[in-house]
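Novice: Line order of the protein sequences matches chains A and B. Everything in the first sequence is counted per our numbering, starting at 2 for the first residue and increasing by one. Everything in the second sequence is counted per our numbering, starting at 106 for the first residue and increasing by one.
There's no promise every hint is true.
[As the list claims (entries may be wrong)] Below are the BS3-like pairs computed for lysine-lysine, each with C-alpha atoms no more than 25 Å apart in a straight line:
| id | chain 1 | residue 1 | chain 2 | residue 2 |
| --- | --- | --- | --- | --- |
| 1 | B | 202 | B | 121 |
| 2 | B | 121 | B | 146 |
| 3 | B | 284 | A | 81 |
| 4 | B | 128 | B | 111 |
| 5 | B | 284 | A | 164 |
| 6 | B | 202 | B | 284 |
| 7 | B | 269 | B | 284 |
| 8 | B | 260 | A | 81 |
| 9 | B | 269 | A | 81 |
| 10 | B | 269 | B | 202 |
| 11 | B | 260 | B | 111 |
| 12 | B | 146 | B | 128 |
[To be verified] Short, incomplete list of chain A residues facing chain B, as computed with Cβ under 8 Å:
| id | residue |
| --- | --- |
| 13 | 52 |
| 14 | 56 |
| 15 | 81 |
| 16 | 126 |
In short, the hints are calculated from the structure, not lab data. As the structure is a prediction and not an experimental result, all values here were calculated from the model. Backbone N, C-alpha and C define an ideal beta-carbon position, used for all residues, glycine too.
Listed below are the residues making up each chain.
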Amino acid sequence: MGLESALPVDSVLSTQLNRVVNWARRSSVWPMPFATACCGIELMATACSRFDLARFGAEVMRFSPRQSDLLIVAGRVSVKTLPVLQRIYMQMVEPKWVISMGACASTGGVFDTYAVVQGVDQFIPVDIYVPGCPPRPEMLIEGIMAIQRIIDADNIPRDPEGKRLPLNIAVAPNYEPRPMPVPVTVGAS
Amino acid sequence: MAAAPKLDHPSLPLVKERFADVKFMATEFRGQTTLVVPAEKLHDVARFLRDDPRCQYNFLSDVTAVDYLDYPAPQPGRFAVIWNLVSHANDRRLRLKVFMNPTIDTTGIDADPALIVDSVTDLWPGAEWMEREVYDMYGIRFRNHPDLRRILTWKDFPAHPLRKDYPLRGRGEREHYQKLARDSA
Ligand code: SF4
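Generate coordinates for the entire structure from the input sequences, incorporating the hints supplied.
Specialist: What follows is the structure, given as C-alpha cells:
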C-alpha cells in the first residue's frame, strides 16, 4: 500500500542503521497510562476511534511498565500515589519518555493542598508538558509527535557526561477556539 | 433569628425514659434531629437504639467528625463525632453526636486521653473503616476498635489533616520526598 508497492519486487534499499532503529522506535511509542483523574478520560478518547492514536503507532496501551516506552501521567498525583509512580518510572527501560498531561500533573492545578504533588517534575524527570484542563486529544497527540520528531532526528539531549537530560518541552495549543457562545441550532429550520 | 428546634423525634422520649439519669441535649434542623450524648454513654445509647424494638436503628450510614475551632457560634466542645443512624423498619434517621475537648496540643499526633470514644464496630461492623477515617483525619481514637490504623494518609503521616489548625498546604509533607533522576533506576 505504501512505499513497497512503488518498488520493484526484489530490490534492495540502503540506509543507515540508526535511521532504521529510530524509525522503528518512533513508530511504536507504546504508552503506559498513569491515569489518576479526569485527564485519563481524555487520554482514553485520544486512543479511541475519533482521534485514533494508532495513526502514530502509539495505540498499544501497556499496563506493564516493562513493555512501554512512554509514561503518560494524566491527572493529579497524591503524595501517597507518588511512590507508585516512581516505581513505575524506574521499571521502564530506556529509551523512555514522560509526558505530564494537564495542569494537575504539571503543577498541581487547583489542588493546592497537603496531599497533592505540585508537579510531578519535582520527583521524576518530565520530557513533555501538555497544558490544558484537560488537554484536548490533539494536544496530547502533539506532545507524542514532539517526541517522535526528537527520536527521528536522533536529537536526544545529553549532558557533557552523556547522560540523558529531560526534554522540557511545553506544547503550545494547536487549535483555535471557536467563538463562544454559539447560536442554538436544534429545532431551527 | 432561627426558629426554635422542634424536638418531636419519636425516639427521643424512649432514650430519655431508658437513660433517665443521663443529661442529653438535642437539636433539630429541617426535620433532622441530632441527639448529643455524653461520651461515656455513647455505646449504651447506640446499643439501645439498635436493639430496642421501637427504635430498630439497624443501619449505621456514616461516622464522621467536625472540628469547631473558630466556629462562629459557641459549641459544647472543640471536636464532635457524629453517627448517622437509619432505621429501615421505621424509615427514620437519627444523628448521635459526642463533643470532646482536647487536653494536649492538637498540632501533634500524640494520643490525647480526652479524644477517645467507644467504637461501635461491635454493633455495626461497617463502622470499622469510617472510624479509621475519623482517627486518621482528626486524631480521635476509638476504644475497642479491632484495627485502628490510618486509612487515607500513609502510616508515618505526621499530622491529622482535617483539624482546623493544620495548614491547607501541609507542613512540608508534599515536598519532602525522594527525587528520581533519569539514571536512578
Ligand atoms: S488538569 Fe483538569 S482534567 Fe486534568 S486531572 Fe487536573 S482537573 Fe482533571
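Novice: Give a verdict on every hint.
Specialist: Status of the hints after comparison with the structure:
1. 202(B) - 121(B): Holds, at about 15 Å.
2. 121(B) - 146(B): Distance of about 12 Å is within 25 Å: holds.
3. 284(B) - 81(A): holds (14 Å)
4. 128(B) - 111(B): holds (19 Å)
5. 284(B) - 164(A): holds (17 Å)
6. 202(B) - 284(B): Distance of about 44 Å is beyond 25 Å: violated.
7. 269(B) - 284(B): violated (30 Å)
8. 260(B) - 81(A): holds (10 Å)
9. 269(B) - 81(A): holds (22 Å)
10. 269(B) - 202(B): With a Cα-Cα distance of about 19 Å, the restraint between residue 269(B) and residue 202(B) holds, given a limit of 25 Å.
11. 260(B) - 111(B): Judged against 25 Å, a Cα distance of about 44 Å means the pair is violated.
12. 146(B) - 128(B): holds (10 Å)
13. 52: Nearest chain B Cβ about 30 Å off; hint violated.
14. 56: violated (29 Å)
15. 81: holds (5 Å)
16. 126: With Cβ-Cβ at 5 Å, under 8 Å, it holds.
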